[in-house]
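Can you build the whole structure from these sequences, using the hints too?
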Amino acid sequence: MTVFSEFLQHMANGLVLGFLYALVGIGLSMVYGILRMINFAHGEILMVGVFLALPVSALGAPAWLVLLSGVAGATLMGLLVQWAIYRPLLKSPEVTLLVASLGVSLLLQNLVLMLTSPQPKRPDPAPFLDQPFRVGEIVLRNVDLAIIVVAIAATLATHLFLKHTRHGRALRALAQDMSAARMMGVNVPFMVMICFLIGSALAGVAGVLIGYKYGHLTPLSGFVPGLKGFVAAVIGGIGSFPGAVVGGLILGLLETFLVGYLPDALAQYRDAYVFLVLILVLLVKPSGLFGKPETVKV
Amino acid sequence: MSRTTSMTLIALFLFALAVWAAEAQLNPFYLQILGLLGINIIATVSLNFAAGFGGMFSLGHPAFMALGGYTAAILTYPVAMKSSRIPGYPDWLLQLQMPFLPALLIGGVVASIAAIIVGWPVLRLRGHYLAVATLGLTVIVQVAIVNLVDYTRGALGLSGIPRLANLWWIGGFLVLTIYVVYRLVHSRFGRALRAVRDDYVAAQMSGVNVARTRLIGFTIAAFFGGIAGGLLGHLLRILTPGQFSFNAVFLGVAMMILGGMGSITGSILGAVIMTILPQFIIPLERGGNVLGIEIPALNGLTQIVTALILIGVMLVRPGGLAGAREFSWRSLFNLPPTGRRRSSRHGGASVDV
Chain A
1 MTVFSEFLQH MANGLVLGFL YALVGIGLSM VYGILRMINF AHGEILMVGV FLALPVSALG
61 APAWLVLLSG VAGATLMGLL VQWAIYRPLL KSPEVTLLVA SLGVSLLLQN LVLMLTSPQP
121 KRPDPAPFLD QPFRVGEIVL RNVDLAIIVV AIAATLATHL FLKHTRHGRA LRALAQDMSA
181 ARMMGVNVPF MVMICFLIGS ALAGVAGVLI GYKYGHLTPL SGFVPGLKGF VAAVIGGIGS
241 FPGAVVGGLI LGLLETFLVG YLPDALAQYR DAYVFLVLIL VLLVKPSGLF GKPETVKV
Chain B
1 MSRTTSMTLI ALFLFALAVW AAEAQLNPFY LQILGLLGIN IIATVSLNFA AGFGGMFSLG
61 HPAFMALGGY TAAILTYPVA MKSSRIPGYP DWLLQLQMPF LPALLIGGVV ASIAAIIVGW
121 PVLRLRGHYL AVATLGLTVI VQVAIVNLVD YTRGALGLSG IPRLANLWWI GGFLVLTIYV
181 VYRLVHSRFG RALRAVRDDY VAAQMSGVNV ARTRLIGFTI AAFFGGIAGG LLGHLLRILT
241 PGQFSFNAVF LGVAMMILGG MGSITGSILG AVIMTILPQF IIPLERGGNV LGIEIPALNG
301 LTQIVTALIL IGVMLVRPGG LAGAREFSWR SLFNLPPTGR RRSSRHGGAS VDV
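Read top to bottom, the protein sequences are chains A and B. Residues in the first sequence are numbered from 1 upward in steps of one, following the numbering used here. Residues in the second sequence are numbered from 1 upward in steps of one, following the numbering used here.
Simulated from the structure, these hints should not be mistaken for lab results. Source: prediction; values computed, not measured. A couple of the hints might just be wrong.
Listed below are several chain A residues computed to face chain B (Cβ distance under 7 Å; list not exhaustive) [as the list claims (entries may be wrong)]:
#1 85
#2 95
#3 96
#4 99
#5 100
#6 110
#7 113
#8 114
#9 268
#10 269
#11 272
#12 275
#13 278
#14 286
Chain A is nowhere near these chain B residues, computed Cβ spacing over 10 Å in every case [claimed, not checked]:
#15 5
#16 12
#17 13
#18 25
#19 26
#20 33
#21 109
#22 129
#23 178
#24 179
#25 180
#26 240
#27 299
Okay, the calculated bits of chain B under chain A, using three or more residues with CB under 8 Å as the criterion [stated by the list, open to error]:
#28 134 to 148
#29 306 to 312
From the three backbone atoms N, C-alpha and C, an ideal C-beta is built for every residue, glycine too.
So this is what it looks like as structure tokens:
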């Protein structure tokens, strides 16, 4: 393998990883944009989604049906959490929401741990997804291709929703100025629900795709993707939709290249690099690539 | 000597008496739980200093504890075992075995340096990012401990640490931590810190150097976190990366939140409840016959209870049990107030994240 094709291979792997981060980051970024809340339970919504999809997969359902059930599971869980826990706290200080989301994260992790066995699980293998897919010297699997296609489709759908529908406009207005949006007749609690619905659905997509790609699912599987999704959102500029997508891709590429080109002894620290990147971004450009500088509330 | 001072001295004397009686009478199991309780109080009070009084909601306290703990343990580790168990260090460090106190303090300093490195870029920003950046620090420290096998023995855990911490050490540092935090909160610096928490702009207008005040407060909290970690290693005689995992983050936050952010009394209360409660839950986790009722093994029950407490407190009583109130002799015995204004009576702890 030549140096150049090795580079291309890392690039392809990085893009696949990046699309997964982008799917997670969008939900976090949207929620933050509206509520100024870091939703630590976002990764757990992803995890619950894919765990709910596992029985469907065990019945021998095709992959697209498993994906849909994962999306449905994550969405229901996200809405349940939002309705039962975040909604009553909507007017509380930001730290209250943050602590509550920490609690939800811990609760979901351990509920799933208690209700299932601790052994890692995987969706029933889909032979088609595991087949290799070659472009020149780059080798991917069909599942990687599926990740790229599904992620682009989901992102595009969200983009169109935000730009070209009434509710999308209401969401954007809410992110700009909540009280002004309320005075213009935007139904704030309903739109917050919609926001969680979209974020959770995208997390569900990411969850099932992660399940098919890595095939190693534990109740802790959602935590690190959730954190990295947040880092992706910060890199792109938190609150910005294109920012979350671009940030996810940058983070995926960066992580893959670092792991690929660093000597083996240093490559084990991949999770640590992601947060070093976060600290660097906060140091150099805290508002991210697409973000507006944070206005100070007086 | 005023009446409250003499009461405090009497209380301290009784505390020392209790420590002496416990050391003499209790079996090692209960001594260990009491030791853990003391360490948890030190950790929670110092976390509360940053989060409750300083408005810097940090999820990196376990990382500071790990840094302080591992540093102190490596400095007191018996020379005879060092080169076989943790051979990665240079020769002079392998030949070195320090007394407990300097090792603990150096551990605290190492934790403070980490706090400055993380805090310097992050604390200049308005809130929001600190929680994630410090959680990232916890991940980084965790990954580093697991992978630096020659320096920390990795996931196996660094065992064979001399058991230097007893209730006297822990009790001593407990009193010291509470005293220092109390005095800091009621000093010029503490007022500046709370002013920054309550209103960033107004504090700046009043001449407070916002970034510096926050960084110093964060560093002090990390120092005591590091001390707590050092005590932990020398109490349990083993340090593993698992002790400083996400569960430790959650548990620490639960202790602080349950007691009340911005109250030292609350932190003590929260740490007591959250240390004692799991001792009753752990038997349930294993399953089997409890009080004549057959129950299956319930993995993760402790964490579920912790989580429900976190969520429940937020929904029902966001200020925690104590709110921002403090214990005082005056309110306990209904003594007349002194002429000095009670500075502990600020409003609820409003923190921006």
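Verification of the supplied hints:
Here the hint on residue 85 of chain A is kept, as its CB sits about 6 Å from the closest CB of chain B, short of 7 Å. A least Cβ separation of about 4 Å between residue 95 of chain A and chain B falls short of the 7 Å threshold, and the interface hint therefore holds. The closest approach between the C-beta of residue 96 of chain A and any C-beta of chain B is roughly 5 Å, which is under the 7 Å cut-off, so the hint is satisfied. The criterion of a C-beta within 7 Å of any C-beta in chain B is met by residue 99 of chain A, whose closest approach is roughly 5 Å, and the hint holds.
The interface hint given for residue 100 of chain A holds, since its Cβ lies 4 Å from the closest Cβ of chain B, which is under the 7 Å cut-off. Satisfaction of the interface hint for residue 110 of chain A is found here, the shortest Cβ-Cβ separation to chain B being roughly 3 Å, below the 7 Å cut-off. Annotation: residue 113 of chain A was flagged as interfacial toward chain B, and the flag holds, the nearest CB pair being 4 Å apart, inside 7 Å. About 5 Å separates the beta-carbon of residue 114 of chain A from the nearest beta-carbon of chain B, less than 7 Å, and the hint is met.
The interface hint given for residue 268 of chain A holds, since its Cβ lies 5 Å from the closest Cβ of chain B, which is under the 7 Å cut-off. The interface hint given for residue 269 of chain A is met, as the beta carbon of that residue sits about 6 Å from the closest beta carbon of chain B, less than 7 Å. With 7 Å as the threshold, the beta carbon of residue 272 of chain A comes within range of chain B, its nearest partner Cβ sitting at about 4 Å, so the hint holds. For residue 275 of chain A, the interface hint holds, since its Cβ comes within 7 Å of a Cβ in chain B; the closest pair sits about 3 Å apart.
The beta carbon of residue 278 of chain A comes within 6 Å of a beta carbon in chain B, closer than 7 Å, and the hint placing it at the interface holds. A distance limit of 7 Å between C-beta atoms decides the matter here; for residue 286 of chain A the minimum to chain B is near 5 Å, and the interface restraint holds. The Cβ of residue 5 of chain B lies farther than 10 Å from every Cβ of chain A, with a closest approach of about 35 Å, so its non-interface assignment holds. Once the 10 Å rule is applied to beta carbons, residue 12 of chain B is consistent with being away from chain A; the minimum gap is 33 Å.
With a least beta-carbon separation of about 38 Å from chain A, residue 13 of chain B lies farther than 10 Å from that chain, consistent with its non-interface assignment. With a least beta-carbon separation of about 37 Å from chain A, residue 25 of chain B lies farther than 10 Å from that chain, consistent with its non-interface assignment. Non-interface call for residue 26 of chain B relative to chain A: holds, since the shortest CB-CB distance, roughly 32 Å, exceeds 10 Å. Separation of residue 33 of chain B from chain A is adequate, the least Cβ-Cβ distance of about 23 Å exceeding the 10 Å criterion.
Under the 10 Å C-beta cut-off, the non-interface status given to residue 109 of chain B relative to chain A holds; the minimum distance is some 21 Å. Consistency note on residue 129 of chain B: stated as away from chain A, yet its beta-carbon is not over 10 Å from all of that chain's, at 6 Å minimum. Every C-beta of chain A lies more than 10 Å from that of residue 178 of chain B, the closest at about 23 Å, which supports listing it as non-interface. Residue placement check: residue 179 of chain B keeps its beta carbon more than 10 Å from all beta carbons of chain A (closest about 27 Å).
Every C-beta of chain A lies more than 10 Å from that of residue 180 of chain B, the closest at about 24 Å, which supports listing it as non-interface. Against chain A, the non-interface label of residue 240 of chain B holds: every CB pair exceeds 10 Å, the least being about 17 Å. Some Cβ of chain A comes within 10 Å of the Cβ of residue 299 of chain B; the nearest lies about 5 Å off, and the non-interface call is violated. Figure legend: the segment 134 to 148 of chain B, annotated as covered by chain A; annotation consistent (8 residues with Cβ-Cβ distances under 8 Å, at least 3 required).
Coverage of a stretch by a chain is defined here by at least three residues with a beta carbon nearer than 8 Å to that chain's beta carbons; for the segment 306 to 312 of chain B and chain A the count is 6, and the condition holds.
Going through the hint list in order, the structure does not satisfy hints 22, 27.
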